[in-house]
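2 protein chains.
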Amino acid sequence: MEYDPDLNITLIGAGTIGLSFAAFHLSHTLSPSQLTIYDTRPNLKEYVLETLPKFYHGLPISLSFSKIRIAKSLQQAVSNAHIIQESGPENLQIKRDLWVEVEKHAPKEALLWSSTSGIPASQQAQDMTDKTRLLVVHPYNPPHIMPLLELVPAPSTSPQVIERTQEFWRARGRVPIHIKQETTGFVANRLAFALLREAIHLVDLGVVSVPELDKIVESSMGPRWAVAGPFKSYHAGGGVAGLEGFFKNIGGTVQECWDDAGRVNVGKNEGWEEKVLSQTRDVYEVVDTVERDRVMRRLLDVLDEERGRSREKEEGSSLLKSAPETKPSSD
Amino acid sequence: MEYDPDLNITLIGAGTIGLSFAAFHLSHTLSPSQLTIYDTRPNLKEYVLETLPKFYHGLPISLSFSKIRIAKSLQQAVSNAHIIQESGPENLQIKRDLWVEVEKHAPKEALLWSSTSGIPASQQAQDMTDKTRLLVVHPYNPPHIMPLLELVPAPSTSPQVIERTQEFWRARGRVPIHIKQETTGFVANRLAFALLREAIHLVDLGVVSVPELDKIVESSMGPRWAVAGPFKSYHAGGGVAGLEGFFKNIGGTVQECWDDAGRVNVGKNEGWEEKVLSQTRDVYEVVDTVERDRVMRRLLDVLDEERGRSREKEEGSSLLKSAPETKPSSD
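Residue numbers (this note's numbering), protein chains in the order written: chain A, 12 to 342; chain B, 12 to 342.
Simulated from the structure, these hints should not be mistaken for lab results.
Treat the hints with care, as some may be off.
Put simply, identical chains are the same to the list, so a pair is met inside one copy or across any two.
Said to hold, decoys possible - Computed cross-link-like contacts, BS3-like style, restricted to lysine-lysine with a CA-CA straight-line distance of at most 27 Å:
id, residue 1, residue 2
1, 78, 142
2, 142, 119
3, 65, 119
4, 56, 83
5, 191, 119
6, 115, 78
7, 83, 191
8, 65, 142
9, 65, 115
10, 65, 259
11, 191, 78
12, 286, 115
13, 65, 191
14, 115, 259
15, 142, 115
16, 259, 56
17, 142, 259
18, 191, 286
19, 56, 191
20, 259, 119
Construct all of the structure, not just a fragment, from the sequences and the given hints.
What follows is the structure, given as structure tokens:
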């Protein structure tokens, strides 16, 4: 996708996710010609101008700010948009009604995206006339930093819409992954929650404390999986026999862990809650996410650089070939 | 712990783990005065001299190599050791017999460590006279790069032994975590295997492919958890309401994912295997772990630097305070 001088993006919902998307679009070399923001909150303009700079961490932003348009109505917000992304409340009825209204006023070719972390596109689209244009584009928070976008279409979403959506994000150096079924929680959260459940279980048993568990993850699978995902990692762990070798060597322990996890009560009873919640509160108080995001950005920069390097070295068969193509100019 | 000019470390077992530990010790500013390696394989000396340099990736190693002693017998290997770590075959009887022999010939004060990923110290120590000195010191592979060490004592292990072991690793910039129960798979593997199970399940369902799943993890929770573990991350995700706020906001989805995971058949039937194994094999062939380890080391260097910086800034209450103190001189 070439840089399009006439690209209008509309964001509905100016919460944390919406404004983080705004920061991403405005700071990218392929920024839209116009970024429209719509939200029902009072004093929207003041709020946006005050809040948006927090996502920039001191970068120069005066130029890109001129592209922002604050819409006074939904109709005005969507009437000339090429892309419309909603990051509103997680409420099915609100989203259903929203898309009916959007459909009335938006251009026919506009792409319709929902940031929802849980409400499938097929349910959101139920009252629409044309159900082919809507899909979930679920970011990993915060989207102005994290590369992942889970694209979760409904069965009614057209393949062209999925393709155009992938193309848009790939051109911007992001990692859009097409999720083939409307699974509960999609994929990233499901994976993370599976680990979280086991983590809660181990803290509840007293095997480790909350900060010890965090340190374990930060010193082992965190950095490992930033570089190579679980399948690639265990495939490497099996030597020349690959993943199969890994299961031959250590499959017994894996199975024992899984059997043990099958007996986990987390989610069935509430006993764990006070222990885990109070430890977390006591140890971390309020986390400085600006600091966290700055460090995460540094790591992602290193990974971007390495992926660029390995792509140059041997196009198509390198360790890190599954890579973003470019990165935001603000990084 | 000050640099001890008279520190003799003995490594039993010269496989990948043993030699990776050797590389770590020899490349550290607090390197031992003598590093003894013992293994029953033939031509051990040639093998070690040939294989060890692979762990260094081109660093100058001539100096530290002079500290290596190849032992001709177990008795010779342990007789003047301060620390003895075994990284031998994962076989209970072999380990039991080994520790009985070690006990006969090693100094009384020597620390006895096992690298096992699955055989508890209490079982390994069963035939020993003094069961207070043995504990599991389980690395996250490869130990010359990854900071985590899971210290898993038996109920019979003395608190002093645990403390001395923690002190040893902390002084070397590593992250030794005391695991309070001899849980199956300890903690790191249990957490990773919980996620792996869900990953296999999603690939088996056809929701995503193996490389797509890896990309999802590499672009989201990998870099996130390298910087802040799951509890800290979700605590931040809940805003000022912390982890409790997180569960209030999204607890419904979390519970639905957990309920869904409860129906997972992975491990109960074998149907998933061919699908997952063949996809992994086809996509990744043989992973270049030298390249992977080099990139991981760069990420860990960034994290080390940031932790040092945040420690300077506000001792004791910073985002990244749970940090290694120093790092190997080879980094």
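Should residue 78 paired with residue 142 be assigned to within, between, both, or neither, using CA atoms and 27 Å as the limit?
neither (30 Å within a copy, 71 Å between copies)
Checking residue 286 and residue 115: alpha-carbon separation at most 27 Å within a copy, between copies, both or neither?
neither (50 Å within a copy, 45 Å between copies)
Could you place residue 115 and residue 259 in one of the four classes (within, between, both, neither) given a Cα distance threshold of 27 Å?
Neither: 58 Å inside a chain and 35 Å across chains, both beyond 27 Å.
At 27 Å max between alpha carbons, let me know whether residue 65 reaches residue 119 within a copy, between copies, both or neither.
Neither way: residue 65 and residue 119 sit 35 Å apart in one copy and 59 Å across, limit 27 Å.
If the cutoff is 27 Å on CA atoms, where do residue 142 and residue 115 land: within, between, both or neither? Let me know, please.
within (13 Å within a copy, 77 Å between copies)
Are the CA atoms of residue 65 and residue 191 at most 27 Å apart within a copy, between copies, both, or neither?
Neither: 35 Å inside a chain and 42 Å across chains, both beyond 27 Å.
Is it within a copy, between copies, both, or neither that the alpha carbon of residue 191 lies no farther than 27 Å from that of residue 78?
Answer is neither; intra-copy 35 Å and inter-copy 56 Å both fail.
Up to 27 Å CA-CA - residue 83 versus residue 56, copy category:
For residue 56 and residue 83, the Cα distance is within 27 Å only inside one copy (10 Å; across copies 78 Å).
What label fits residue 259 with residue 56 when the C-alpha limit is 27 Å: within, between, both, or neither?
For residue 259 and residue 56, the Cα distance exceeds 27 Å both inside one copy (60 Å) and across copies (29 Å).
How would you classify residue 142 and residue 259 at a CA-CA limit of 27 Å: within, between, both, or neither?
neither (47 Å within a copy, 32 Å between copies)
Are the CA atoms of residue 83 and residue 191 at most 27 Å apart within a copy, between copies, both, or neither?
Close neither inside one copy (37 Å) nor across copies (59 Å); limit 27 Å.
At most 27 Å between CA atoms: does that hold for residue 191 and residue 119 within a copy, between copies, both, or neither?
within (25 Å within a copy, 61 Å between copies)
Of the numbered hints listed earlier, those contradicted by the structure are 1, 3, 7, 8, 9, 11, 12, 13, 14, 16, 17, 19 and 20.
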